[in-house]
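A.B. asks: With chain R held as given, fit chain W onto it using these hints.
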Amino acid sequence: DAGVIQSPRHEVTEMGQEVTLRCKPISGHDYLFWYRQTMMRGLELLIYFNNNVPIDDSGMPEDRFSAKMPNASFSTLKIQPSEPRDSAVYFCASSTSEGRETQYFGPGTRLLVL
Amino acid sequence: QKEVEQNSGPLSVPEGAIASLNCTYSDRGSQSFFWYRQYSGKSPELIMFIYSNGDKEDGRFTAQLNKASQYVSLLIRDSQPSDSATYLCAVRSGGYNKLIFGAGTRLAVHP
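Residue numbers (this note's numbering), protein chains in the order written: chain R, 775 to 888; chain W, 37 to 147.
Just chain R, same shape as in the assembly (with noise of 0.2 Å):
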């Protein structure tokens, strides 16, 4: 089975610039989570959703950041404008809730704003 899947795998953007992430979880998971990833801050939680509607957006930074998740195989993540600070590796998560205690990550997008 294929795992979790994020496109692009890496984006160099410039600042001002719009950022949109995407992820495909895992067939059949109805959890699925952004992550982000930096040196300073660790890996931290954004946002997540259940079946397809966001269940705790406190992690998202600021509004800049906005994430969907239109159907059941498929999420964006966007950032607008970008800004340098942005810059990370984000994580897609997916898992079950009768396998809740598994999430399943993906590949990661690494992020670059200039």
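There could be a bad hint or two in this list.
As the list claims (entries may be wrong) - Derived BS3-like pairs (lysine-lysine); straight-line CA-CA distance at most 27 Å:
#, chain 1, residue 1, chain 2, residue 2
1, W, 134, W, 92
2, R, 798, W, 78
3, W, 78, R, 842
4, W, 78, W, 103
5, W, 134, R, 852
6, R, 852, W, 92
If you're looking for bench data, these hints aren't it; they were derived computationally from the structure.
C.D. replies: Frame of chain R, contents of chain W only:
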């Protein structure tokens, strides 16, 4: 005070030794505790989770939990160079599926 604290390391151990990784947490109401391994440039992967006080063993790995002391640890027996990675402690806190991660401890196993 950070919610989940770990020594950043690096923790250096010789091959074949026992590596001991420690983690403390601040929320006394936390009920589930996790250890993830992350190789450089890769994504985190779950090694073990533990709910109850005491020890839980899985192969060369043993997780230990002491809720009274708000302390969780991971022991790796017979450490191998392939165990060299960053180990992240995570605690379920607040929401149903919300994990709070520590900053991680870098482990280096040298031949």
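A.B. asks: Work down the list of hints and note, for each, if the structure agrees.
C.D. replies: Comparing the hints with the structure gives:
1. W/134 x W/92: holds, 22 Å
2. R/798 x W/78: holds, 18 Å
3. W/78 x R/842: Within the cut-off at roughly 25 Å; holds.
4. W/78 x W/103: violated, 31 Å
5. W/134 x R/852: holds, 21 Å
6. R/852 x W/92: Not satisfied, since the Cα-Cα distance of roughly 40 Å exceeds 27 Å.
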